[in-house]
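Listed below, chain by chain, are the residues.
2 protein chains.
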Amino acid sequence: MNSKEFSNPAELKDTRISDSFWRGIQETVRTEMLPYQWAALNDRIPGAAKSWCMRNYRVAGEMIRSGKERHYAGDYGFYREPEGVEQPDEFYGWVFQDSDFSKWVEAVAYSLTLHPDEKLEQTADEAIDIVCAAQREDGYLDTYYILGGMDGALTNMRDHHEMYCLGHLIEGAVAYHQATGKDQLLRAACRYADWAAERLGRGEGQKRGYPGHEIAEMALVRLYQETGEKKYLDFAKYFVDERGQSPNYFDLEAEARGAKKTDLSYNQAHIPVREQSEAVGHAVRAMYLYAGMADVARLTGDESLLDACGRLWKSVVREKLYITGGVGGTHVGEAFSDPYDLPNDAAYSETCAAIGLAFFARRMLQIHPKAEIADVMEMALYNTVIAGMAMDGKSFFYVNPLESVPEHVKKDRRLDHVKTVRQKWFGCACCPPNIARTTLSLGAYAWTVSEDTIYTHLYAGGEIKAKMNGKDIRLEIQSGFPWDGNVKVTVRAEEPVSGTLAFRLPGWCENSRIEAGNVSREERDGYLYLSGEWTDGQEIRLSFPMKVRTVRANPNVRADQGKVAVRRGPLTYCAEEADNGKGLHLWRLTGEKTEETEMEIAGRKVVGLKMSAMKTVVPEDAPLYSETEPEEEAGTLTMIPYYAWDNRGEGEMSVFVRV
Amino acid sequence: MNSKEFSNPAELKDTRISDSFWRGIQETVRTEMLPYQWAALNDRIPGAAKSWCMRNYRVAGEMIRSGKERHYAGDYGFYREPEGVEQPDEFYGWVFQDSDFSKWVEAVAYSLTLHPDEKLEQTADEAIDIVCAAQREDGYLDTYYILGGMDGALTNMRDHHEMYCLGHLIEGAVAYHQATGKDQLLRAACRYADWAAERLGRGEGQKRGYPGHEIAEMALVRLYQETGEKKYLDFAKYFVDERGQSPNYFDLEAEARGAKKTDLSYNQAHIPVREQSEAVGHAVRAMYLYAGMADVARLTGDESLLDACGRLWKSVVREKLYITGGVGGTHVGEAFSDPYDLPNDAAYSETCAAIGLAFFARRMLQIHPKAEIADVMEMALYNTVIAGMAMDGKSFFYVNPLESVPEHVKKDRRLDHVKTVRQKWFGCACCPPNIARTTLSLGAYAWTVSEDTIYTHLYAGGEIKAKMNGKDIRLEIQSGFPWDGNVKVTVRAEEPVSGTLAFRLPGWCENSRIEAGNVSREERDGYLYLSGEWTDGQEIRLSFPMKVRTVRANPNVRADQGKVAVRRGPLTYCAEEADNGKGLHLWRLTGEKTEETEMEIAGRKVVGLKMSAMKTVVPEDAPLYSETEPEEEAGTLTMIPYYAWDNRGEGEMSVFVRV
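Read top to bottom, the protein sequences are chains G and S.
Our numbering numbers the first residue of the first sequence as 1 and each following residue consecutively.
Our numbering numbers the first residue of the second sequence as 1 and each following residue consecutively.
It should be emphasised that the hints constitute simulated quantities derived from the structure, not laboratory data.
Watch out, some of these pointers could steer you wrong.
Since copy identity is lost for identical chains, a pair holds within one copy or between any two.
[As the list claims (entries may be wrong)] Result set (DSBU-like, lysine-lysine): computed pairs, CA atoms no more than 30 Å apart in a straight line:
1. 615 with 593
2. 424 with 261
3. 615 with 182
4. 547 with 370
5. 182 with 471
6. 582 with 314
7. 605 with 182
8. 394 with 605
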């Protein structure tokens with residue numbers, strides 16, 4: 001591996017998204033979600049469960065200022081509410097509540113980059129003051145133990161989230177530094193990272209711990225890239241290397257606490273990461289870990305680690321991926337199920353896990369651009385990730401089923417994890433802010449850049465500026481995605497620039513056509529590499545016709561036998577009760593005719609599909625079992641993009657349809 | 001309703017089962033299960049969890065003898081194990097552990113009737129001595145509170161099982177009295193029933209309680225029929241009438257205990273029984289209640305109660321019945337799921353619930369013989385009930401799924417309730433002894449008798465003696481069931497007897513043929529009534545050709561769309577890995593050709609089926625999703641009777657198959 005060849009995500013300030021599809025989503029996030037989220041962090045949402053997030057920081061700041069410390073009297077558990085009256089010096093909320101601020105400030109940073117806003121920046125600066133005031137002199141910054149007693153710190157890395165909060169703090173701090181140039185939060189993040197690095201490791205007097213919930217791995221790599229301090233890369237590498245080693249740290253730690261051992265595959269800590277080949281356990285944790293592993297592999301040139309990433313990637317996309325780009329087949333542990341177990345109605349498919357999949361994919365693309373990897377990243381981003389948010393930005397799915405029959409879901413306690421409509425916000429506020437930070441930083445997924453190449457992975461409309469072999473170049477992109485596959489790229493350069501523009505050839509398109517004039521063309525791993533001298537005004541026209549495709553799951557997927565999913569371009573489709581009435585399982589596609597039709601959902605235009613189908617007639621007063629073949633009547637099944645479901649009231653939905 | 005018209009089950013001593021199918025099962029139960037069960041009750045099974053059943057009775061007997069009483073210091077919970085050393089005067093085991101003895105003694109009684117055995121009878125007599133010695137002077141007989149403190153008695157009727165234990169005690173006592181003429185246990189049961197009737201009711205100083213787990217209703221009716229004491233019928237009727245009345249007794253009782261309210265539909269106590277129309281809650285409880293309701297309706301001529309039974313019957317068979325005769329679609333509360341929710345892999349379908357369905361069906365048949373009711377009783381008995389026991393009588397299923405992929409089931413914690421092979425015995429010993437008492441008393445399901453009519457509901461080979469209009473008549477039956485539908489009935493009578501022989505015309509047979517000579521024939525509700533004068537040696541020949549039938553579930557059943565189940569005669573079939581290899585979901589029946597074939601499973605002959613089918617080819621290294629239609633290869637799918645599955649090692653099984 002030659003790390004010189006690897007690309008880096010486009011710096012957000014050098015990108016702009018202007019197509020109506022993503023721009024609309026980003027605007028919804030900016031205008032709806034960010035203010036809502038800030039109100040939530042400050043417990044100003046009437047009727048919502050309290051977050052206590054900013055309040056915990058404030059209270060911790062008081063304690064730091066006063067010089068008092070609480071004696072650690074044992075674990076507060078995952079979630080803590082006041083018993084009776086709220087005490088002015090106690091921690092409340094989820095064990096990872098601090099990270100809510102970090103996710104918010106990260107999204108704010110991206111928003112400020114894309115859309116400067118003095119007032120928002122001021123709000124963020126004030127919030128950062130509050131957070132930094134809560135940092136202990138030694139650098140520690142987790143209000144759970146600052147308020148609960150520092151003797152508890154790093155005694156339960158398996159279940160508690162100090163390193164998770166550190167990770168998110170770093171992500172937020174780096175983003176804010178990049179967006180504003182202000183380094184107050186970055187310095188705080190460094191100090192907390194230094195605190196942790198001093199105490200965790202293989203040296204004498206250090207604990208050989210690592211995060212129970214991964215994210216610090218990739219965050220520390222980002223901190224290294226931002227600060228140039230190699231110690232942060234080393235720390236990330238230590239976390240990756242130490243995970244799952246024997247004797248198992250989490251088991252030793254549990255024993256020391258007198259706690260029960262748990263299934264370590266939940267935390268991907270059952271064996272060392274280089275020996276892992278199957279994606280297992282809590283899906284978000286797994287995705288964050290694999291992304292961090294890819295980061296470390298890229299920057300250290302570690303082939304065995306990259307091999308593990310490749311095996312785990314294959315495990316996900318070959319055996320454990322929903323056609324919606326979601327992952328996590330079971331609510332038990334919010335986890336991957338076993339290979340090919342992809343139930344539609346009971347799917348977990350957490351929004352955050354699909355986001356994590358995009359993280360992992362982007363990092364794999366940085367190392368080795370392959371269209372099949374970008375296809376999966378696109379599938380996650382255009383389907384499950386944005387399905388997580390209502391089109392008005394006001395409600396959210398954590399769990400993204402591929403089939404929902406509300407009347408049944410509400411009665412079936414086995415489906416308690418499934419919601420039939422998006423929810424306002426959640427006490428455990430992981431998915432909504434994750435959607436915010438991901439969609440606002442879309443440019444970093446659409447484009448990556450190396451010394452001499454600009455990679456276009458996603459066809460968002462907008463622009464990207466970069467250095468190509470040291471010279472400035474800018475691409476202006478007009479894109480019809482996801483509705484049509486026509487893309488025009490116009491080169492802007494003050495002087496001619498030599499180098500390569502690499503464009504992904506989507507796997508879903510069999511007859512892409514690319515007109516690029518007089519440059520050399522080379523196709524490799526599903527990317528078209530156009531190399532030559534680029535001059536101002538030069539145009540590249542890409543055409544990726546979006547045929548409606550019926551896709552079958554591998555025969556090993558028991559849940560989908562005899563069924564197909566419908567896709568068009570990057571989008572996966574679903575049938576909804578709003579168009580088709582109840583009893584979606586009664587429909588069977590005949591494949592005879594498919595018409596594309598413009599529809600409006602929640603005020604936005606989408607391409608719907610009208611597909612020839614037969615519907616089983618349910619006879620009046622029919623017996624439960626009968627030898628009679630059911631009658632069918634001909635009809636048309638209307639399908640809409642999956643991401644747009646549940647924007648027209650509660651109703652049935654199904655992705656897979658019988659054929 | 002004219003209760004004169006109703007039939008009663010044949011007295012077991014007047015029946016004999018001699019066909020190889022049922023006789024084989026009865027012999028297995030008699031020779032394998034009864035001795036094993038007795039050893040289990042006495043904690044003599046090496047390696048098995050202790051039952052403590054007979055031990056609790058012994059210890060309670062000591063306490064009674066000594067005149068000591070324990071002060072009630074609170075609830076022991078559902079299950080209690082020694083903390084450290086076993087105390088000589090404490091209750092251990094399940095709250096309903098006493099009933100294990102009662103179920104055993106009931107099965108022993110049937111066994112003694114069919115197959116006298118002095119040694120077994122002596123063992124039973126000794127056990128009865130032990131049990132009766134544990135009865136308090138006031139009549140109370142539940143070791144949980146005798147040992148735990150009598151102040152706890154009747155303080156938690158919702159969750160605890162005093163009335164359930166009473167019910168089983170009565171069933172066992174009546175059966176033993178009928179089998180041996182001995183009344184020691186019957187007197188004990190009466191005294192305990194009297195104790196309860198004195199304390200429960202609408203009178204002053206009485207509690208308006210009723211059983212949390214039903215069975216006492218039908219047991220008390222049986223006690224009434226055995227003793228002629230109408231007070232027991234009244235007590236049963238009180239239980240039925242009071243259930244679900246407002247204010248809810250279970251809620252009031254919970255409040256008094258400081259316990260939480262629970263979902264009362266679990267106990268069928270959410271509304272009064274006469275207002276119930278949907279079968280809900282714990283399936284075994286529901287079945288036992290409905291059976292008791294039918295008993296009370298029959299003997300009191302209560303039309304509104306019978307109407308409720310009719311509605312509940314319809315709810316079960318129209319919306320909530322598996323094609324295997326099992327009921328209970330969800331493990332959550334071991335309960336009925338909502339209408340048409342009949343998942344195959346996650347089915348609960350408890351063996352005891354299928355047994356309860358047979359109880360309910362038999363009672364409905366006593367009131368109004370309809371073939372469609374007997375069809376369901378037959379479906380339960382010939383499929384799920386006997387699937388509950390391995391062919392060698394040594395292992396048992398509680399849960400009877402319609403689809404099992406062991407490799408997956410073992411990994412999927414959502415299917416923790418499903419076992420991939422039958423288990424040796426269970427701490428909660430409900431199903432095995434229930435199979436024992438039901439299969440040994442098969443005669444009481446095959447035939448019911450009224451003043452002038454002998455009803456044949458099931459075509460077991462054997463004989464039935466009865467009075468017909470006061471005169472003795474005996475039927476000798478030769479039957480090919482369940483393998484062929486040829487039945488010969490020979491009348492034995494010392495003098496000519498006038499009356500009716502009613503034969504069920506199975507709903508699964510379209511072209512039954514019955515030759516009966518010179519008698520009047522009338523078909524009503526699927527029964528053929530042959531009336532006239534019957535003389536010795538007269539023969540009736542019945543022919544019910546057993547065509548292989550492919551049966552579809554109602555289109556509302558989401559789990560079974562595009563699939564069929566295969567039935568032949570009373571049997572439902574399934575495909576097993578042992579015959580077809582792994583990947584049963586890959587098969588699709590073409591309907592082209594079906595051959596019947598004699599197979600041997602666990603040393604017994606069964607009719608297997610070889611059916612034309614196509615099997616999807618799983619390509620090597622195939623992607624998870626693809627536009628390519630999968631290839632299929634022609635083959636033959638072998639199907640065996642469902643009851644016989646899992647007798648050839650662990651493997652996949654599926655009842656429903658794609659078409």
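Now the hints, each set against the structure:
For the homomeric pair residue 615 and residue 593, the shortest alpha-carbon distances inside one copy (15 Å) and between copies (28 Å) are both at most 30 Å. Taking CA atoms no more than 30 Å apart as the test, residue 424 paired with residue 261 passes between copies only; the shortest distance there is 29 Å, against 36 Å inside one copy. In the homo-oligomer, the alpha carbons of residue 615 and residue 182 never lie at most 30 Å apart, since the shortest distance is 61 Å inside one protomer and 64 Å across protomers. Taking the shortest Cα distances, residue 547 and residue 370 sit within 30 Å of each other inside one copy (22 Å), while across copies they are farther apart (57 Å).
With identical chains, the CA atoms of residue 182 and residue 471 are at most 30 Å apart within one copy only, with a shortest distance of 27 Å there and 106 Å across copies. For the homomeric pair residue 582 and residue 314, the shortest alpha-carbon distance between copies (24 Å) is at most 30 Å, but the shortest distance inside one copy (37 Å) is not. Taking the closest pair of Cα atoms, residue 605 and residue 182 never come within 30 Å of each other, the shortest separation being 40 Å inside a single copy and 83 Å across copies. In this homomeric assembly, residue 394 and residue 605 come within 30 Å of each other (Cα to Cα) only inside a single copy, at 19 Å, whereas the closest approach across copies is 65 Å.
This entry does not satisfy hints 3 and 7, going by the numbered hints stated previously.
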